[in-house]
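S.K.: Sequence:
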Amino acid sequence: MILAITPNPALDVTYTVDDTRLHEVNRVREVRTEAGGKGVNVAKVLAQLGEPVTCAGPLGGPAGDELHRRLATTAGRPGTSDAAGTTPADTDSAHAPAQAADPLLRQGWTWIDGTTRRTLAVLDAGGATGLYEPGPQLSAAEVQQLLADVGALLTGAIPPIEAVTISGSLPGGMSGEDLATLIAAIREVGRPVLVDTSGPGLLTAARAGATVLKPNAEEAMEATGESTALDAARALCELGAGTVVCSLGGEGMLGLQRAEAGAPAGSAPADTASVDRTAATTVRAWRARLPQALDGNPTGAGDSVVAALASTVLLGRTDLPTALRRAVAVGASAVTRPVAGEIDLELIDQLEPTVTIEEI
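Counting from 1, position 2 in the sequence shown corresponds to residue 2 in UniProt numbering; the numbering is continuous, with no gaps.
No lab work stands behind these hints, which were simulated from the structure alone.
Honestly, I wouldn't trust all of these hints.
[Unchecked claim] With beta-carbon atoms standing in for the labels, derived distance ranges:
1) Ser198 x Glu66: 25 to 31 Å
2) Arg29 x Ile158: 41 to 47 Å
3) His23 x Thr322: 51 to 57 Å
4) Leu294 x Thr20: 24 to 30 Å
5) Arg317 x Arg207: 25 to 31 Å
Only a predicted model underlies this, so the values are computations on that prediction, with no experimental measurement involved.
Glycine included, every Cβ here is placed at the ideal spot set by N, Cα and C.
Work the whole structure out from these sequences, hints included.
M.R.: What follows is the structure, given as structure tokens:
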């Protein structure tokens with residue numbers, strides 16, 4: 001099972017209107033509400049790929065209750081709480097989800113006093129306008145409880161947690177030091193961890209020895225100060241990340257990996273917990289792309305890529321070039337879907353053989 005951590009989940013609300021008019025009454029034709037946040041989207045895609053997954057992170061307030069309820073019935077599969085210290089059943093019966101026999105998607109949230117944020121998208125013929133609420137402010141005790149709950153899931157979940165993803169921004173009250181502590185705790189129990197974040201958190205994750213990092217090109221260049229995506233990804237490897245996969249939008253993606261002596265090309269990520277960061281870093285790099293980019297909605301494509309990487313190279317099931325081919329196809333299929341967290345399995349099978357891989 002994969003543990004998908006969302007530090008700052010959200011309840012996503014989409015309003016569809018004919019034409020958005022500022023400072024006027026706008027009649028909404030359709031309302032769609034979804035459980036959201038980057039890690040939640042990762043979990044949804046993992047479940048569609050047939051991978052068992054547990055969601056974790058801080059959740060609270062009416063929006064948190066609604067997110068929990070909606071996620072519990074995602075794809076017609078009710079969710080169950082796992083062994084974290086503050087599961088819904090421990091706090092309020094209103095949070096208790098329906099039970100199901102061996103569901104693919106489970107929930108193991110840490111319940112907080114604050115309120116989970118909402119994101120509002122107003123969609124018309126010209127595109128979408130986004131309004132994002134600020135996330136909750138976690139207390140020091142809630143941050144410690146979150147770390148404890150993740151630790152409980154890592155050691156007590158059934159089936160056991162084999163790998164971890166951490167996706168998105170940090171909520172107020174949770175620092176970069178807390179992120180480093182979380183990554184270290186995951187590595188100490190021998191689990192690989194993939195981190196998808198931006199800004200200083202990306203550098204923190206690299207220095208903490210994340211097994212895989214998944215920024216986009218702009219995020220990687222901004223965090224490192226490098227002028228190209230390739231140089232930025234290489235810098236993140238040199239800081240301590242085992243593998244860096246950098247999304248290039250319609251141009252595909254780059255994959256860089258520390259080259260271990262005697263290891264096959266692109267083999268499973270190095271054990272970054274034992275990397276000697278004082279030694280010179282030898283890095284191999286590949287580029288993967290489709291013959292032609294697909295048009296559509298790019299929102300959530302990066303989260304789908306994270307799910308594809310988690311189910312392949314993070315678990316050591318494939319080498320990096322093979323994982324890149326899969327990730328490009330999964331991400332492209334997500335572009336054709338109307339909302340984040342959805343993929344097209346038939347399209348993935350059609351696209352995957354057409355992806356080209358070249359070592360650079």
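S.K.: None of the hints should be skipped; say for each whether it holds.
M.R.: The hints, checked one at a time:
1. Ser198 x Glu66: 25 to 31 Å: 27 Å, holds
2. Arg29 x Ile158: 41 to 47 Å: 45 Å, holds
3. His23 x Thr322: 51 to 57 Å: For Thr322 against His23, whose Cβ atoms are near 53 Å apart, the range 51 to 57 Å holds.
4. Leu294 x Thr20: 24 to 30 Å: 26 Å, holds
5. Arg317 x Arg207: 25 to 31 Å: Holds, since Arg317 and Arg207 (Cβ atoms, about 27 Å apart) stay within the stated range.
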